[in-house]
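Listed here are the chains, written in short residue letters.
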Amino acid sequence: MKQATIVGLPFVLLTGLLFSSCKKDSAEPPAATVGTLTIDMENVVGSAPLVLDRSTYTSPAGEPFTVSCFNYYLSNFKLQRADGSEYAVPESYFLIRERPTGPNPDNGKHFVLDSIPAGNYTGISFLIGVDEDRNMTGAQTGALSPDNYMFWTWSQGYIFLQMEGNSSRSGEPGTHMLAYHVGDFRRPNNLRIVAPPLPSGGNIQVRQGHAPTLHLRADLLRLFAGPSPALTNSVLFGPFWMAVGGSQIVPIVNNYSGSTDRHVPGTNSMFTVAAIHND
Amino acid sequence: MRQRITNSLIGGALLGGLLLSSCQKQADDAAALTEQVPGATQPANFPAMAYALSQNPPDKATFELGRTLFYDARLSRDSTVSCGSCHQQFAAFANASHALSHGVGNRLGTRNSPALHNLRWRRELMWDGAVANLENQPLAPFTNPLEMGETLSSLLAKLNGDAEYRRRFTAIYGPGPIDSYRLLRALSQFLAALTSSNSRYDKAVRHEGGTTLSASESRGIALVASKCASCHATDLFTDESYRNNGLDAAFPRDSGRAQISGQPADVGRFKVPTLRNVALTAPYMHDGRFQTLAQVLAHYDHGVIASPTLDPALRPPGGRLGIALTTQEQDDLLAFLQTLTDQSFITDSRLAEHP
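Here the protein sequences line up with chains B and L, keeping their order.
Counted from 1, the first sequence has number 89 at position 89 by UniProt numbering; the numbering is strictly sequential.
Counted from 1, the second sequence has number 285 at position 285 by UniProt numbering; the numbering is strictly sequential.
The following block holds chain B by itself, in its conformation from the complex (with noise of 0.2 Å):
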């Protein structure tokens, strides 16, 4: 660009021009025909709201507990159109933590998927965790930086959802406290797709110049239970006040995605569409 400045008005128009055609690679639809879709996030525990520290909850096997840290990844966000085909939203990495720490400090519940061609959505899904090639690639920003304390730098990957506090039943004998820490996408592979149901007839109208929202709500005592009392991997506190990772947290995950497969969306998961607002 300073060479441009030597040479010229001219060169400076027609190496703004260039440069603009280095840059784009492929065309964007025009502006009209894309618009955008706000989640709203909230973490319930049950019928409560999550209060961290301060409330103690009950757990579905009956046993006392409070919460101090809840957090987790949302990826890979999709919708769904009524004629079967959908819209992959790129890019669409979320970190949602009820009290954030580290030098990031927004709690991520409420976020924007943007550039989304215009059109009625009938379904959405998306991946609690953060896929098998991201946690391989490089160095990362923003919501999947390191220093949100959200990776695991030995055996190296990111944590997809952690959950800690207290119950007078842990047996941890000292602190009595809970950890429950989801990672890995190997072996096992812990990473669900969930996919919860929009609330009857509702679709989500996505236009330029209006701004729909979702309000999507994750229930914390997933964790302990499953979609049925078939389904679930029931959880007390007093052998199960820990664990970090690999297959011991197996249960949690089939818990609170309602799948136990890594390519099968759970339907019935942790999270439910509370709300549609088409504006």
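What the hints contain is simulated information worked out from the structure, not anything from laboratory work.
Glycine residues also receive a C-beta, built at the ideal position from the N, C-alpha and C atoms.
Hints are not guaranteed to be accurate.
Ranges of calculated distance between the beta carbons of each label pair, as one might list FRET restraints [to be verified]: (1) L/Gly84 x B/Met177: 36 to 46 Å; (2) B/Ala211 x L/Glu353: 54 to 64 Å; (3) B/Thr267 x L/Ser307: 43 to 53 Å; (4) B/Pro64 x L/Ser230: 50 to 60 Å; (5) L/Ser230 x B/Pro103: 41 to 51 Å; (6) L/Lys158 x B/Ser115: 31 to 41 Å.
Guided by the hints, dock chain L onto chain B, whose structure is given.
Below, chain L alone, put in the same frame as chain B:
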């Protein structure tokens, strides 16, 4: 991209010059770069890079910043240990004569520090492949209590509190605080520059400067090709796989690759290490159990121990375990392994703590 622009728009030499400088600066500077940043070219006898130059284009200032970081003990909790403490240039960046390395507070690690060379060609790092990308590798020693014992936030606070680091990072990455992204990108430029490709063996296979190998050394090459290359393959002398080469009957303390993959079939499997610079990197194996290369060869000849995951290459059908090697063959292999020492690499002042 350059193709498209030159085809449609070339109007004059002046215009062409502008285009090149705006779009293709990196490529045009590549030649000049190799003089400034070591290891920025593809040696003719190496396979394709896993960490391509384009992923983090080498640049002198960034490489030098990476070097400063590599040798800076302030990056550890008590400012006693740098990357360079466990990875020493004269030992091809292994930890000379330490079976296990000492970290902060003089605590002993659990594995032998590997040599650091030709990391651009590695798809996975560590003895068990715990790290799948070079850029994130430093996070492991930074935060390991047995190595540098630091937390990321405290480490970044130290760097941001240092005016000289702030100046150097800003000059490269622009305004804004030093975050883990900038730190890792800079450090990996130094790690990626550790290319060792100028041993006597390399010069001989590339027919450079009339270098020839002795009869014994040449017999050694043939022996490696016939007896070792099912694992120590290509001119990097590793197929990057994980194998059990018969060190123990069971692996209760360190199960190797199984720790990462979760598969019982991987118990006792460790990364096949390169043989380059191996004469400099004693002691040997993931736990540093062998002091000399002669002991390593004795192991393959008559020390291999059976276990469920022992590699098939080391249990020939009907035969005894291991790779039978006559005294002459062992001498030839030892002679050959010496030719893999790259003097220019371990004496390259650009890679040294005090260049």
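Now for the hints, and whether the structure bears them out:
no. : hint                            : result
1   : L/Gly84 x B/Met177: 36 to 46 Å  : holds, 38 Å
2   : B/Ala211 x L/Glu353: 54 to 64 Å : holds, 56 Å
3   : B/Thr267 x L/Ser307: 43 to 53 Å : holds, 45 Å
4   : B/Pro64 x L/Ser230: 50 to 60 Å  : holds, 59 Å
5   : L/Ser230 x B/Pro103: 41 to 51 Å : holds, 48 Å
6   : L/Lys158 x B/Ser115: 31 to 41 Å : holds, 39 Å
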